[in-house]
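Novice: Chains A and B supply the protein sequences, listed in that same order.
Each residue of the first sequence is one higher than the one before, starting from 1 at the first, in our numbering.
Each residue of the second sequence is one higher than the one before, starting from 1 at the first, in our numbering.
There is no bait here: all hints are sound.
The calculated SDA-like cross-link candidates involving lysine to any residue, where the alpha carbons are at most 25 Å apart (straight line), are:
1. B:K155 with A:G235
2. A:K180 with B:G411
3. B:K267 with B:D250
4. B:K189 with A:G204
5. A:K217 with B:K155
6. A:K185 with B:K418
7. A:K202 with B:K400
8. A:K217 with B:G116
9. A:K202 with B:D401
10. B:K267 with B:K306
11. A:K159 with A:T63
12. B:K248 with B:N579
13. B:K50 with A:E47
14. B:K155 with A:G231
15. A:K159 with B:E422
16. B:K50 with A:G39
17. A:K202 with B:Q383
18. B:K267 with B:N579
19. B:K418 with A:E148
20. A:K185 with B:E51
21. A:K217 with A:V199
22. B:K418 with A:T88
23. A:K159 with A:T108
24. B:K155 with A:D193
25. B:K147 with A:I214
26. A:K217 with B:S378
27. B:K400 with A:I76
28. A:K185 with B:G342
29. A:K210 with B:S194
Worth flagging that the hints you see were computed from the coordinates, not collected in a lab.
No experiment lies behind these values; they were computed from the predicted model shown.
What follows is the residue order along each chain.
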Amino acid sequence: MNRRENLKLLFTGSVGTGLLLTGCGPEEQALPENALLAGGTKGYRTEEERKRDQELLSETFFTEEEIKKLNILVDIIIPKDSESPSATEVGVPEFMEFIMKDMPNNQTPMRGGLMWLDYEADEKFGKPFLELSNDQVIEIVELVAWPERASPEYQGAVKWFNMLRNLTCSGYFSTEAGWKYIGYKGNQPNVWDGVPQEVMDKHGFSLPEKYIPIYLKPEQRGVVATWDDEGNLIG
Amino acid sequence: MSFQIKSSTDSYDVIIVGSGAGGGMASKVLSEAGLSVAVVEAGGDFDPAKEEDRTQLRPPWESPRRGAGTRIRPFGDFDAAIGGWDIEGEPYTRKNGTEFDWFRSRMVGGRTNHWGRISLRFGPNDFKRASIDGLGDDWPIGYDDIKPYYDKVDKLIGVFGSKEGIYNEPDGFFLPPPKPRLHELFIKKGADQSNVPMIPGRLSMLTRPINNERGVCFFCRQCNRACQVYADFSAGTCLVHPAMKKGKVDLYTHSMVRKVTTNEEGKATGVSFVSKVDMKEYKLKSRVVVLGASACESARIMMNSKSTSHPNGIGGDNGILGRYLHDSTGASRSGIVPALFGRDRYNEDGVGGMHMYTPWWLDNKKLDFARGYHIEYSGGMSQPGYGEGSGMDAMRKYLKDEFGNPKEGGGYGEGLKKDVRELYGARIGLAGRGESVPRYDNYCEIDPNTVDKYGIPVLRFHYNWTDQEIKQAKHMQDTFEEILTNAGAIPLGKKQGPETNYGLAAPGRIIHEVGTVRMGNDPKTSVLNSNCQAHTCNNLFVVDAGSFVSQADKNPTWTILALSWRTSDYIVDQLNKKNI
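Chain A extracted, bound-state conformation (with noise of 0.2 Å):
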C-alpha cells in the first residue's frame, strides 16, 4: 500500500483501521516465539543494528537447566487464568534469554539468583532446586517474594527475585495476549473525540468551556485549514 493510498483511507477516517495493517504479510503476525527467533526488530534498521540483533539471536546464554527453572518461576509469578495464558505460554523465558545479552549487566544477578536457588534447595530440603516439589518451590519463593517481610539473609535474593518478577511482568505485558489482559485499546489509527462521555461523567469531569469551540471536530479532519491575517481558523 503506497502512502497516497494510506492518505485516502486516513481521509476518510474509520475504513483506515484494518487496512493500514495490512502490508504486514503473515509472517510478520507471527507467535512471539517465533518472531524473536526469525531476526532481530523489524522496520528501518541500520546495518550495525542488524548485525548486533543477529549476533545476539545466534548467542545462548542461559543453560538447559537454568532455562527449567526459569519455566518454573516465571509461571508462579504470572501463572495462567480463566482469561490468559502463562508466561512460559507467551514466550517469556525466551525474552529474557534476549534480554541477558541485549543488558548484559542482567547477567551476573540473575546467574547468582538461579544458583542461590541450589543452594537453598540444598540447605531446606537436602536436593537441587529442580527435584523439588511445588510445595517446596513455593516454600523458597515466599522467602524472597515478599521485601517487606523478608528476614535480612535474604535481602540478596529479594533483589534477584524483584528483577525476575520486573522481566516477567515485561515479557508478558508486551505480548499480543498480555495486550488483550491489560485491556490496551490503542494502536489503530482513530479519531481522537475526547474522553468517552460516560467516563467522563464517572469522574465528575467536563471540558473546559472556552476549548470547547476550538477544539478539533472529527468531521473537519479532511478540510484543508486556512486562517485569516489574525490567525483566526476560517476554513
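Once you have looked at the hints, place chain B on chain A.
Specialist: Below, chain B alone, put in the same frame as chain A:
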C-alpha cells in the same frame, strides 16, 4: 539507506551541512529561490512512508527487546532517531570533572526525528532578558524581526494550539487542538487549585491538513517513531525531501564534514568531508556555506576549519566560539492517581505528546531565581511494552486489600497479575523545562588529545549549573508536589532535595543545547551577526541553535526554523546584490 558520492569537481551555489530543522529549512528556501544546493548529512537517508522503513504501529513483539532502548536508540527500539548519547567511533570528552551529555542523530532530518514536536514561539521578553533582569545579554534582534517567519513556519509546517493572548507566549496560526485526555483533566484539577494555568498544547502534528502533500494525524501517539503519512513534522519528510523533488538539491549521505575550506582572502570555498562508506576524503565547492549541524557540531566544524587565513578556525579569533553553551533546565516528578485504579478502557493514544501544558506563569521579581519554566505532562493508557508491570515491589502498596489496608509489595501469582492490570494507566508525570542563564564559563572546545574515527578532533565540554538553575529546580519540585497532591495523586519516590540539586538534569540531557556561535552586533563578543552570518567570513552562515543568545523556557525548534528561513532569505538577497 542509500549512498551517494559525487566527484570533487561538483560545485554548488550553496552547501548546507546537516539536514535537521535548520539545514532542512535552508535547503527548502534556498532551492526554491533557484539556487543549486548540496545537503551534506553525516547519517543515512530515511523515509518513514516506505514500508521497509516503518517502525510506526509496530507492536513490541516485533522487537526481540520488546521496544526497550538501545545504545543507538536510547528512547526505544522503535524510536526513529538513530545515534544517541554515545556513538561508536565518535567520542566527546568532558573537562575538570564537569558533566555534559550530547545527544546526536545521524540521519536525514537529524534530531527532528526525535523531538516531542512542542512548537513554541519565543516571546518579546525572551529576546531581551538582560534588559529585564540584568543577566546575560539581549539578542540583537527582537520578536518583531522574527514574527513574520514564525507566521510562515506555522502555515508551512502546521501546529495546533489555542489563541490565548499571553504577552510572552505569542499566538500563531493554529490548527484545532485535540481534547484533553483523562489524566490531563485530573492534573488540571490540581493545577487549578494551585493557580497554575493549563492550556492546550502547541505541537506540530496535523490535526487537520495544511496541504495535499501530507496526511492528517490518525492519533497513534507514536510521533517519535516518524509518521508514515507525514502528519507530524520532521525535517526529512517536510523540508529536505520536498526540496529535493522540486529544486536543484543533491543529498550527500554518510558524509562527515571535517572542515569548511577557505581561500587566501578568508572566504569559504566549500567543505571537506569523509565518506563513511569508503573512508575517503572528498571536497565540494560552493559560493556559500551554511552550517546546520547542531549548535555544538557546527562550532566544532568552525573550530576545526583552521587555515592560513583563519589560524584559529573560522570565528575563533575573539575567544567566543564555543562559549555560552547552555541547555534548558529539567526536573520531574511522577505520581499515581488512586481514582484511576481499574479505570475504564478505551483508545486514549491521542497525538504523540501532551494535549495540555503549562506555560510559565509567575513573576520572577517575586522569586529567588531568574527566568521561568514550562511544565509538560504525561500519563494515560499508553502502549504496554518493555517495562510494563515493573516495580510492583514498590507499587502494590498503593492498592488496598479487602479490608482497606495497603497491600504488601512484591508477590507473585494471579493476584500480582490482576494488580498490574489494576494499576495500568494510573500514573502521571510532570516535567519542567526551564531557562538557564548563559555563561562564558560553560563551553565546548577542541580536545587536543582526542580524534574520532575519521581523524577529526572532537569536542571537550565544560559545564556547571549555578544557583539560578538549582533554585529553579527546587521551585519545580515544590510546584509538582503541590499539583500532584491537589490532583488527588500520591507523589512517587522521594522528593529530590539539595543533595541532588533538586533533581536538576545534567547539562545536555534536555537536548536543547544552544549558544555556541551566538549572534550579536559587536564582533568582539559574538561569532555571528544578527543575520547569522559569520563576522569574520561573510559567506559562512549558521542556521542551527548555535546562534541563540539565550534559550528561552520554550523548545528551540520553532525558533531554529524561523531563524533559518530568515537567514536563507538574507543569503538570497546578498547573492542577488553580489555582496557575497
